[in-house]
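As you go down the protein sequences, you meet chains A and B in turn. Per this note's numbering, residue 4 is the first one in the first sequence, and the count goes up by one each step. Per this note's numbering, residue -7 is the first one in the second sequence, and the count goes up by one each step.
Watch out, some of these pointers could steer you wrong.
[Claimed, not checked] Capping the alpha-carbon separation at 30 Å, the derived lysine-lysine pairs in DSS-like fashion look like this:
#1 K251(B) - K281(B)
#2 K169(B) - K57(B)
#3 K254(B) - K337(B)
#4 K281(B) - K337(B)
#5 K96(B) - K57(B)
#6 K322(B) - K337(B)
#7 K254(B) - K322(B)
#8 K199(A) - K108(B)
#9 K169(B) - K103(B)
#10 K199(A) - K125(B)
#11 K57(B) - K12(B)
#12 K145(B) - K199(A)
#13 K199(A) - K103(B)
#14 K199(A) - K96(B)
#15 K251(B) - K235(B)
For the record, the hints were derived by calculation from the structure and aren't laboratory data.
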Amino acid sequence: MSAQTTSKASPASFVSSSRWLLWSGIAALCAWVLVPIYLVALGALGGRQGVYQWPKTGLPTGISLDPFILFLKTEGVLQSFLNSLGAAGITVALSILLGAPAGYALARYNFHGKDSYRLLVLLTRAFPLAILALPLTVSFIRLGLYDTIIGVGLIHTVLALPFAALVTQGIFMGVPRELEEAAWVFGCTRVQAFFKIVAPLALPGIVATAVFAFVISWNEVFAASVLTVRNRTLTAYLLTVLSESPMHYRFAGGLMLILPSVIFIFAVRRYLFAIWGISSK
Amino acid sequence: MANIVIDRIRKSFGTFEALKEVSLTINDGEFVSLLGPSGCGKTTLLRIIAGLETSTSGDVLIGGKSVIGLPPKERGLAMVFQNYAVFPHMTVYENVAFGLRMQKADDARVKTQVEKAAGLLHIEQYLDRYPNKLSGGQRQRVAVARALAVEPKVLLMDEPLSNLDALLRLEMRTELKTVLQSAGTTTIYVTHDQTEAMGLSDRIAVMHNGMVEQVGTPVDVYNYPATRFVGGFIGNPPMNFIKVPVTNGQVTAGSEPLKAPKETGDEVILGLRGEAVQLAPLPLGLEMKVRVAEPMGSHLLLTGSIHDQPVRVILPSSETVRSGDVIGLKLDPNRITWLSPESGKSFPAATAR
Ligand SMILES: Nc1ncnc2c1ncn2[C@@H]1O[C@H](COP(=O)(O)OP(=O)(O)O)[C@@H](O)[C@H]1O
Ligand SMILES: [Mg+2]
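Excised from the complex, chain B in its bound form:
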């Protein structure tokens, strides 16, 4: 069993706290993404798990055993580095074979494993080349193949598809998922690309400023963001945040009252996914001033304001709304996230499914 338990890990570089008490459990065979903007500590956390960086405090357990203090090679994992780290003095073949050779695998096994991994990543035709004859995307695929070739129990990947063009990235994403799923590899996948995280992951851990803000399935994280940051980071367009007054525990959106969570004060932030609305006649619906209407083909994207606060909503492309219109919107009460204006956290009523 190769589950991973990250227990209250802290990491400081001098006075700078890169990780502020991060805890996370990854089950055996699970695919978990660390998602967050650049500089939030994703790589640092991954390096601590791999044993390339020492944590200031906290514990990491792999398969129930603490690995703190163990050298990387004794942790039984493979890693794809953010800047590839393919060995420039070895051919692609030898690069992919490196881990197997270190395990003293016999030549036949090395050959089958290398060919399997190379086929998966479409690098068969480069096997005798040196890395300096490859593009960034090709090197990145070599790095992924090198990690897959050893069939690790635990796989750590640091933005492994960041340098591929969009089409190839999509294809690799699907193939990675199939392979890792069938092999039952416990995977931690670092990315700053939310669509990648949404598409691949069993669960996503959203990181921000050295903390994990929320852990959940892609659907949960999307629909019930725990904090304003998560809502704003995930989804395209991001979640809308509208500050509205609360009277008698209720919020009026158009002529329809919405029940606000009882913990709120005078004001509450209404978190609204752009697509969780319907067009409604005006006095009934919540008034939105449309500044720009963009027909996208599959849908209609409206940018404007509600209560003088900027919003973006999505309507079916069958609706006709033009720039400058004032429209009414009916909100789906089940898909509203209520957030505290002070802490930026969502109220538990909304998070509970």
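This is chain A alone, in the form it adopts within the complex:
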């Protein structure tokens, strides 16, 4: 992540050219991600005029946080933002708490119907939400979950859980069984071995799964729109409100949708890179 400037400019050696290739690749990838975010930010912060200004100035001019703050102060924005965070939090917590044990079982144990179970897990995604929407709404009203963030979180968990189970299965399979067995031999119970050996080694993968669940929930708009009226998530809220808003409001909304994901991923980036390289060989 940190920019290194160690090019000694030695003439056309193989090392320097491959280093050049590496850094230009990194630059291209960064641009791929950063330029759109930058443009959105420019639109959001540039005020009413900034949005329509063309050609864009490379450096931001006339930038101020005021339009964005104005947007934040708009009725409902902050609340829906918090709602979204809540739903995403529920989704992350439940899909890891339920999905990781399922993935561990799939990775470590042989049981009858394992393959059909795996298929069944994926089958939950076979029914489009659009078909389920009406019956879901009815039952949610009956259960008192309609128009609640818990309800939305539960539905998002259903969406994220199959992937959580299958992805964590792959992660746990990547932790060699012998490591666990060695822990048992040297005095661990199964539970201790899991927390001392398996969990630390699986952590990067589990964090990646959490990011994935977070993003699924954060971006989901259909179920959130159908199942809420007043307690909207940010996506659902923006969908209904923004079509009638001025351009820079839309950009502000966009920025607000992007930022939490970016910040979240940035916060957990440490765990996303396998620090020790899982290998027993």
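Given the structure of chain A, go ahead and fit chain B with the ligands onto it with the hints provided.
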């Protein structure tokens, strides 16, 4: 007391029988090797003793108590895994200390034990490194150190030196033996390397196809193999097997008759160690056609045939034999193993010392 009794252990994986009724007793403080070719069930047996695999039937007793059904940690043993299984997220120090930490040993004891084990295995200078910065041989030594650090009553080792280069292996072998002997650790040592087994063991259990073919001291197993497999697997060059006719209970080798065991039929297999022969003038000795003569410095290795069956014999390097020669050999009657051509088993007369 930590003797180990393996009582009629069977293990099937589906329809495949990996272990077919294995019984073996290891005395307290004894060093026993499980020797056999790859795939004969050595690792499986070790894992059953450790409690990492359940046997299909049979019993394992450690110190007189059945441990079947006990989790590994309650069996009071340490193990070196075939593929090391060092923990990648811990430094070498923490790896070696792992068992002690689980026993809640205090820091001072952990430190002395880790340093002792690390010194023995020559890994002191790697103690703060992570395993992914180590070579295979170094990781293997970490795995051995981790097992030694807890000073176990029973130590199970699965090919613990397989990844070291020849010189280091020789050194480690000697050091392991000294340490384990002085600590009185009951050790089961799995290997497919016969010289390793011969050098280290109090007794060797030779395994083949999920069965123990023979248990005995290295000298016994070498000199009096119970089966053709054992004779062929142990020794370099392996034992020679020559099928010879029996007339009136005797076998003629050259002009000298040898007394065959009385249970034989018309034919018997003569098991002959390559070095149990002497050069003899021809009509007197058994005729051998030498195809290749290789002077090895310490000895002379001859490859050729007796009765049209391939043999390899060893003569002192002072003898001069050239490729293509036909020579006579006098056999040492005390060092001949007689085997049944049908069962491949040796006749008891030869096995009894
Ligand atoms: N979990 C298992 N499932 C099926 N077959 C196995 C399993 N473990 C070992 N085997 C088989 O059992 C036999 C003995 O294996 P192993 O004990 O590892 O042999 P060795 O250690 O002597 O090389 C081999 O043929 C192997 O393929
Ligand atoms: Mg093995």
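Hint-by-hint comparison with the structure:
1. Distance hint between K251(B) and K281(B) is fulfilled; the C-alpha atoms sit about 24 Å from each other, no more than 30 Å.
2. Proposed proximity of K169(B) and K57(B) is supported: the alpha carbons are some 27 Å apart, at most 30 Å.
3. Straight-line distance between C-alpha atoms of K254(B) and K337(B) comes to about 15 Å, which keeps the hinted pair within the 30 Å bound.
4. Restraint check: the Cα-Cα separation between K281(B) and K337(B) comes to about 28 Å, which is no more than 30 Å; the hinted pair holds.
5. For a cut-off of 30 Å, the pair hint linking K96(B) to K57(B) stands: about 25 Å separates their Cα positions.
6. Restraint check for K322(B) and K337(B): the C-alpha separation of about 24 Å stays at or below 30 Å, so the hint holds.
7. With a CA separation close to 22 Å, the supplied pair K254(B) and K322(B) stays within the 30 Å bound.
8. For the suggested pair K199(A) and K108(B), the alpha carbons sit about 25 Å apart, so the restraint of at most 30 Å is met.
9. At most 30 Å may separate the alpha-carbon atoms for a hinted pair to count; K169(B) and K103(B) meet this at roughly 23 Å.
10. Restraint check for K199(A) and K125(B): satisfied, since their Cα atoms lie roughly 21 Å apart, inside the 30 Å limit.
11. A distance of roughly 23 Å separates the Cα atoms of K57(B) and K12(B); the hinted pair therefore holds under the 30 Å criterion.
12. Simply put, K145(B) and K199(A) have alpha-carbon atoms about 25 Å apart, close enough for the 30 Å limit, and the pair holds.
13. For a cut-off of 30 Å, the pair hint linking K199(A) to K103(B) stands: about 20 Å separates their Cα positions.
14. Between K199(A) and K96(B), the direct Cα distance comes to roughly 15 Å. Compliance with the 30 Å bound is thereby established for this hinted pair.
15. Proximity of K251(B) to K235(B) is assessed by CA-CA distance (about 15 Å); at most 30 Å being required, the pair is judged to hold.
In this structure, none of the earlier numbered hints is contradicted; all agree with it.
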